[in-house]
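Colleague: In order, the protein sequences belong to chains A and B. For the first sequence, the residue numbers in our numbering are 1 to 428. For the second sequence, the residue numbers in our numbering are 1 to 354.
Simulated from the structure, these hints should not be mistaken for laboratory data. Backbone N, C-alpha and C fix where the C-beta goes; we use that ideal spot for every residue, glycine too. Mixed in with the good hints there might be a few duds.
Here are the simulated lysine-lysine pairs, DSBU-like style, with alpha carbons at most 35 Å apart [unchecked claim]: (1) B:Lys311 to A:Lys50; (2) B:Lys150 to A:Lys73; (3) A:Lys50 to B:Lys231; (4) A:Lys143 to B:Lys311; (5) A:Lys333 to A:Lys252; (6) A:Lys298 to B:Lys73; (7) B:Lys351 to A:Lys298; (8) A:Lys143 to A:Lys50; (9) A:Lys377 to B:Lys311.
Computed far set for chain B versus chain A, every beta-carbon distance over 10 Å [to be verified]: (10) Ser131; (11) Met148; (12) Gly165; (13) Pro192; (14) Gly287; (15) Pro290; (16) Leu300; (17) Pro306; (18) Leu342.
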Amino acid sequence: MIQFGSRLMIAALCAAALSSLAGAVEARIIHVYAGSRAQERLQTALIDAKPGDVVSLGVGRFELTDSLSLDQKRVTLKGAGRGLSVLSFDHQTAGADGLLITGDGAVISDLSVENAKANGLKAKGVDRITFRRVRVEWTAGPKETNGAYGVYPVSSSHVLIDHVLVRGASDAGIYVGQSSEIVIQNSEASYNVAGIEIENCYHADVHSNLSTHNAGGILVFDLPGLPQMGGHSVRVYDNTVVNNDTPNFAPKGNIVASVPTGTGVMVMANRDVHVFDNMIDGNGSAAVLLVAYLNAFKDPTYNPLPRDVAVHGNRIGHNGYDPKFDGGPILAKLLGGAIPPVMWDGVIRYKHLDGTASTDIVRLLVSDGPVVNLNLKDQGTPVTSANPSIATALGEGPLVEPAPVVLPAAMYEPPARKWSPKKHKAKA
Amino acid sequence: MIIWRRLVLAALAAGLLGAGPKGGVNQALLAADQPAPTLQAYGLFADAQGLQPSPGMTAYGLNTPLFTDYAVKRRYLYLPPGAHAAYRQVGVLDLPVGAVLVKTFSFPADLRLPGKDVRTVETRLLIHRRSGWAALTYLWNDKGTQAMLKRAGAETPVSFIDAQGARRDIAYAVPNVNQCKECHSVNAVLSPLGPKARNLNGDFAYESGREDQLAHLTRLGLLTGAPAPDKAPRTAVWNDPTEPLAARARAYLDVNCGHCHNRVGFASNSGLYLDMEESDPSAQGVGKRPVAAGRASGGLEFAIAPGAPDKSILVHRMASVEPGVMMPQLGRTLVHDEGLALVRAYIRQMKPAD
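Isolated chain A (complex conformation) (with noise of 0.2 Å):
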């Protein structure tokens, strides 16, 4: 058997060698420096590519004036790295994104997007999108008037967002909304109003990512009236989700500007959401939040409760100390000065659109207590009804964890040739 798998492996690797060099010789290198007139020979880089090439950009500061896009398919869009290739939208006159990629198969890497007027890097409806060692930032700190998703995957399918750093944006550092097959590793979201948000989306690994100095750390939502709902299936793991503490400055109306500053992680509505091992710490509202959608809503197939969710193996430090939800500080105090590690709404209904009492069993499995238990019951009671009780623990039944999201392989870089230092030996 293990003969057996190594030959597989074998033969994988060789495959794999194979097409790395086939795709080498196919590929043309398009080199784009900084300078006068970057926007258009940007774009018409981005314009003559043809699959499998790559469009490298030199060292410097790109001045943009309009949003860049990219729509041809299997396009990698390749800087000097992170801190020496920047796209800037400082002087941006038209256009909302900074790039919007709409390609299958693009690669984003090693490079900065600085100051975008709506979101940094927009993918709308690409199978196979990766973004890799990129920072998104907006660089004049947190404010109401910054963009609104830094990385913006949406209605993608396999997506890989790694090493990514994303400052500032007013909505969500990370956003992927109504995607599947997504995995966001080893990133950093400091500054944002959210830092890592999946809405509507099904099969997410959310792992070993640090979300720091936002209003709220990991968001997992699902809401009403869009194309995909029903999100399932997310995993939030291995996660340092430490000292979320700026002040939510969404501008309202959005649905993040209800995320109290101070969440650590926060799911709202979904199926199967399991989040384990991640350190949780120094976040003023709560450690961990499980509420419903609160708002009415008029879509008949939409379920706006959490259910199946698990919470457990968490280290969770000092939270909830400084609660900033309606109701939170008197809630507070009824509990003896803080907000448990884990808070649930308790809903455990909502109405159908023909008035009828939804019946699905809610699920809830939490060791990483003491539990903070609403029990709001009926979806859309405000916080203020609250009649809290308070256990050490949730649920009994096994939930089954969700299967690892698997990206095509070519996704994945192929690991650096080792360094060997016994080769080189030092002169006498």
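Position chain B relative to chain A; hints supplied.
Modeller: Only chain B this time, still in chain A's reference frame:
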């Protein structure tokens, strides 16, 4: 075979020389994957200024057009000899391979004197090739004697006096080919937007006199399968006060927003659908909360707050010229005051939800 190749070579040579072949439209050049460097090479117009359409070009208008910074637009449908379009009740007419949609954008020095001192700025082509539709933009020189291909887009200063007598100075934006597709996208495939039967179903001032466009095209054998105009759907004329307000506003939103904001368009993920075919009021924006609008929501809660235009995100974004806030994102740098007034009036007369 050899003859065919010669024809193509000749066509290419003619194209490179920048002059259209005598005798009209250069179909081979239009069909070639490589776009011609000048508009003149295609021979779509008999004159260098692009004012006299070649044989095969039929001028048309739309009941309700897209707003593009008050540009005056001249539209033509080119059909190869013997070819015809087929009627479709919903969506654009079924146009054959070889068809070309030609749209020229120009600005009179004073909008109150539309025929005088007209500066032609841009001509856009949508060419139906075997491989699908292709979008090309040509920017005219200052003299208006030649238009050059601009694949990566361009910006050119334009000044004019508006209908109220005020001077307007704009940085007119020529879209790049990807931006063309952002709007002209149906399920991510490039498609024409304008010539829908319902938006063509109205009179046009032909040289032969006024006539309904569907009837005219049918009479000339350029359109098959169309019912009599009064049996076909019809888009309201947005600025004709004799038509019902809601019909005019829906027509305006359909044409100016609905190309992206529909279930298979570029903004499908927003859940806001402003095309004429949408029937769910919530999806049309009534009481709909923003999803990914970010700061562009302007702190407002609903796309359309019935009875309250000032509390409607739709109005807020139409009234903005700030990139990242303004809608549409492409195609305008000015607020369309008259269009905005129409949408405001439409929302104002809606009954507030209880």
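Colleague: Are the hints correct? Go through all of them and say.
Modeller: Cross-check of the supplied hints:
1. B:Lys311 to A:Lys50: violated, 46 Å
2. B:Lys150 to A:Lys73: It holds: about 22 Å lies between the C-alpha atoms, which stays within 35 Å.
3. A:Lys50 to B:Lys231: violated, 47 Å
4. A:Lys143 to B:Lys311: Distance of about 22 Å is within 35 Å: holds.
5. A:Lys333 to A:Lys252: holds, 28 Å
6. A:Lys298 to B:Lys73: Judged against 35 Å, a Cα distance of about 41 Å means the pair is violated.
7. B:Lys351 to A:Lys298: Given that 35 Å is the threshold and the Cα spacing comes to 18 Å, the pair holds.
8. A:Lys143 to A:Lys50: Answer violated: lysine 143 (chain A) to lysine 50 (chain A) is near 39 Å, above 35 Å.
9. A:Lys377 to B:Lys311: holds, 32 Å
10. Ser131: holds, 15 Å
11. Met148: The claim stands: methionine 148 (chain B) keeps its Cβ more than 10 Å from every Cβ of chain A (closest is about 13 Å).
12. Gly165: holds, 27 Å
13. Pro192: With a cut-off of 10 Å, proline 192 (chain B) remains clear of chain A, as the shortest Cβ separation is near 18 Å.
14. Gly287: violated, 8 Å
15. Pro290: violated, 6 Å
16. Leu300: Incorrect as stated: the minimum Cβ-Cβ distance to chain A is 5 Å, not above 10 Å.
17. Pro306: holds, 14 Å
18. Leu342: holds, 24 Å
Consistency with the previously given hints fails for numbers 1, 3, 6, 8, 14, 15, 16, ordered from lowest to highest.
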